[in-house]
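Two chains, two separate frames, one set of hints: put the complex together.
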Amino acid sequence: MEALGIELLNGLGLFATLGIVALGLGIVFGLMGVINLAHGEFVMIGAYVAYLVQDGGLNYWLAIPAAAVVLFFVGSAVEMVLIRRIYQKPELTILATFGLSIVLRQLAEILFSKNSRKVSNPIPGATDVFGITFPTYRLVLIVVATLIVVAVLLLFTKSRFGLTVRAIVANRGLAESSGIRTSVANILAFGIGAAAAGVAGVLVAPLVSVDSQIGLSYLPGAFLVVIVGGFTRLWGVVIGAAIVAAVQTGVTHYVDAVWAQIAALVLAVVMLQLSRSGSREVTI
Amino acid sequence: MRLNATNLHAGYGGVPALHGISMEIQSGEIVALVGRNGVGKTTLVKTLMGLLPVTDGELLLDDQPITNWAPSKRVRAGLRATFQEKGLFQELTVGENLRLNGFEPNAQDAVLEQFPKSLSGRQSQRAGTLSGGEQKMLAAACALKTDASLIIMDEPTEGLQPSNVEVLGDHIDNARSAGRGVLLIEQHIALANRLADRFIVVEKGRVVEASPADDPTIQTRIKKRLAI
Ligand SMILES: Nc1ncnc2c1ncn2[C@@H]1O[C@H](COP(=O)(O)OP(=O)(O)OP(=O)(O)O)[C@@H](O)[C@H]1O
Ligand SMILES: [Mg+2]
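In the order they appear, the protein sequences are chains A and B. In short: position in the first sequence from 1, add 1022, done, that's this note's numbering. In short: position in the second sequence from 1, add 3, done, that's this note's numbering.
Same shape as in the complex, but just chain B (with noise of 0.2 Å):
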């Protein structure tokens, strides 16, 4: 499966935050996209779901143009995202969002005993009294043992501690072994490394850097594009 942005222009109550981004993800890579603060990473993730209205531009899946999708039927279609922030359903329990997300009771063990392992027979624990390092744990895992083809997701490691940084690394790992697609928004610049089959570099809501992952520049233009 491929998503196809082109030029892209989003923004809120009229003012853009999007001006022209063109960027691709297909099934089987890793894409780390990274950026400062307040560049648009987050617009570009609501955008891609259909979570704020495109004003100009096109998206394609698979060549078929889903600009005016409902998020539901991206979803439906195979496209998945975790967010930066209220990636859950606060007000529900543990359970409650796992089976929002396709897993029945007696499939949510197993996806806990997985991962996040803490959150193993907690399942009537409301989500919102969970840590926030618990919480985006549980979203990722929301998104991750979903079938998915392509997963978004919105910093997933932030706030993490460094072990579970590493585990959540492992299981995008694994994501990309199965021949799904991940688009990695990620601060982490050393877990973007470690996975990235390919790099993105926004700036004020333009891709200004564009390159494999073992292209020899790419580690120096970052670094100066993030003044690292």
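Bound conformation, chain A alone (with noise of 0.2 Å):
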């Protein structure tokens, strides 16, 4: 009974993990359909950050603020000087985007040394749940995590902002013929999208070592997550992240996790191919 309650907040833990790497990579690709490679590395800039700022002697939790602007201006930047001019060919965004990752992870690795990097955990200690004793600072993450997904898929679709993303989506040359900026959306879009993950990072710097190689760990899940969730509609990053976190942790409880990879890889094929039919419109 007691493994069984652990591995649900196993679970959890995963389900806010993937669900916030995630979603920045489902907000860019659901509108601006952009297959961003260097979205693990947003998430390796915001451990970097995370490590930093304490390493500064400052609180851990400022990291989170500090991220979201940090990232918010690499990715509007990202934005402006390389995807711009190549929305219309996708086999040129994801050579861009894979090109951008690689720079991205030299450029952590002059700057910081191919040495792993520590960040302390701010939250030491355990917590009982219900008679089970949990690390505190991974329930934090879980709630954390979970709160700022939510709000931001308010965001996305309950605000003015969020309306006029829809529209765009829906039909980006009647957005600009209402007067919607588009490129102002886009560049809105992309940094958001980019912050998310920026704070995915400092969320998890405390349980890894920080490294060049963080971002190569993070994407395929949250791959798996945009893929399983739908590529229509942002929430379905909440249900792909607890599709792919309910998996992965039951076929590694009763299985192992090998196999809990391949379960995963093999819900996503089979996503892939039921998806096929309703293809993605695009209209003027």
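It is possible that part of the hints are untrue.
Unchecked claim - Heads up, incomplete: computed chain A residues facing chain B, CB under 10 Å, no partners named: (1) 1025; (2) 1199; (3) 1274; (4) 1275.
Claimed, not checked - Output of the computed footprint for chain A on chain B, the stretches with three or more beta carbons under 8 Å from beta carbons of chain A: (5) 74-80; (6) 91-102.
Because the hints were derived from the structure by calculation, they are not lab data. Every residue gets a Cβ at the ideal spot worked out from N, C-alpha and C, and that includes glycine.
Pasting the structure below:
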């Protein structure tokens, strides 16, 4: 019973991490059709921001707003410099963001060397949840990540900005013809997507060793989530994260971790096949 | 406000559809643009709005070159268009469509009580589920009720019941009285005759006739061009 409870909390932790990492990917893909292979490096930058904040003697939690701001500007700049001219060419956006991911990793190695850095746990210790002892920081991570995902989703679905974004997704040409500056919305969406990745990086930093490679470990899972959740609705990220987390945790529990990865991949392939029929319509 | 097109060329993927159109429209007048199917009327609308790039020629708004402006920038400068097809965000509600055109929820009843009246109180219906005629009327209202100085309307009466054609005609007439300009692309020749100050006839991507409505020969020339 207790083992199951721990798995449940592990699963929730995976769900929250996957959700917040996949959020930005989902936004950028859903809105602009861009497959951003540098998204994992945005997570990496966020983790380094956490390291720098702590290293500078500041409170760890300050890293969340700091990373959000830094990554918002990084994301906006990437949109303006790299992506803007190649929206119509998906294969170029993949190549460009792949190139960017290499450059960002190299940059991290130049700045921080190949040695990994340690971000210390801001809330050490454990808490009793219904008789199960679980690390407190992981519980906080579940809550904070979920809150941030929900807040961003509400921004995109309920606010005026969200309405504008939905109009652009529905019909970009008509949106422009209604006076919406779609180029500005693109920058904001890219910036917000990157900011979410940065916050994800801050949140996972105390649980891992921070080095230039950490983005690589988050990207495949995040893509799985976006694929499983479907591309048409942003809330799909939550559903996708829930399904992937449930499958991975479940299979890990009952079989082992390798089969969990395989099961998640099979799931993604099945979802891709199912979604083939409902392809995206582009209109002017 | 005045929009000037000079020697406008545009097309699709290297296949030209406009072969040097020159025309102008200004505030306070209604210009009826007519032509057979496929001569490039809708292409002209897209080009004037900036949805299709100009391959040659120039567009001036009050003597300022706008050829490379984004559509949204033109809209902010006072230009608007209604489209022949897909003039509404299908997946969004009536209320959201109005909101995107600048009518906040508290201003929407005032718009819908004027026209299209049948949509009063139906703000939460998805626009894609409105009937074809209802969609056309709502799209026209979205443009005519803004404060745009120049409005381009691509066959706004297509599929409307006769009484709604008259209602829409009244609103277009009112727009002119309020000092705004309308470029009216219309197959409904009776409506064009009722409203137009000037006529433009397009054939194969070129302007082949341009005359004031009181030119005694224009009617026979239009009939000949349109084979009616
Ligand atoms: N998206 C497109 N791709 C390729 N060719 C197009 C496209 N849209 C229009 N055309 C072609 O451009 C020409 C002009 O079309 P356009 O829609 O401007 O005509 P129209 O005058 O508006 O006709 P209608 O009276 O039927 O609305 C036509 O030959 C048409 O086939
Ligand atoms: Mg047409």
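Quick rundown of the hints versus the structure:
1. With its C-beta approaching chain B no nearer than about 46 Å, residue 1025(A) sits outside the 10 Å limit, and its interface hint is violated.
2. Look at residue 1199(A): its Cβ gets to within about 5 Å of chain B, closer than 10 Å, so that hint holds up.
3. A cut of 10 Å between beta carbons decides the hint on residue 1274(A): the least distance to chain B is about 39 Å, and the hint is violated.
4. A distance limit of 10 Å between C-beta atoms decides the matter here; for residue 1275(A) the minimum to chain B is near 40 Å, and the interface restraint is violated.
5. Counting residues of the segment 74-80 of chain B whose beta-carbon sits less than 8 Å from any beta-carbon of chain A gives 5, enough to reach three: the coverage restraint holds.
6. Note: the segment 91-102 of chain B has 7 residues with beta-carbon separation from chain A under 8 Å; the three-residue rule is met and the coverage holds.
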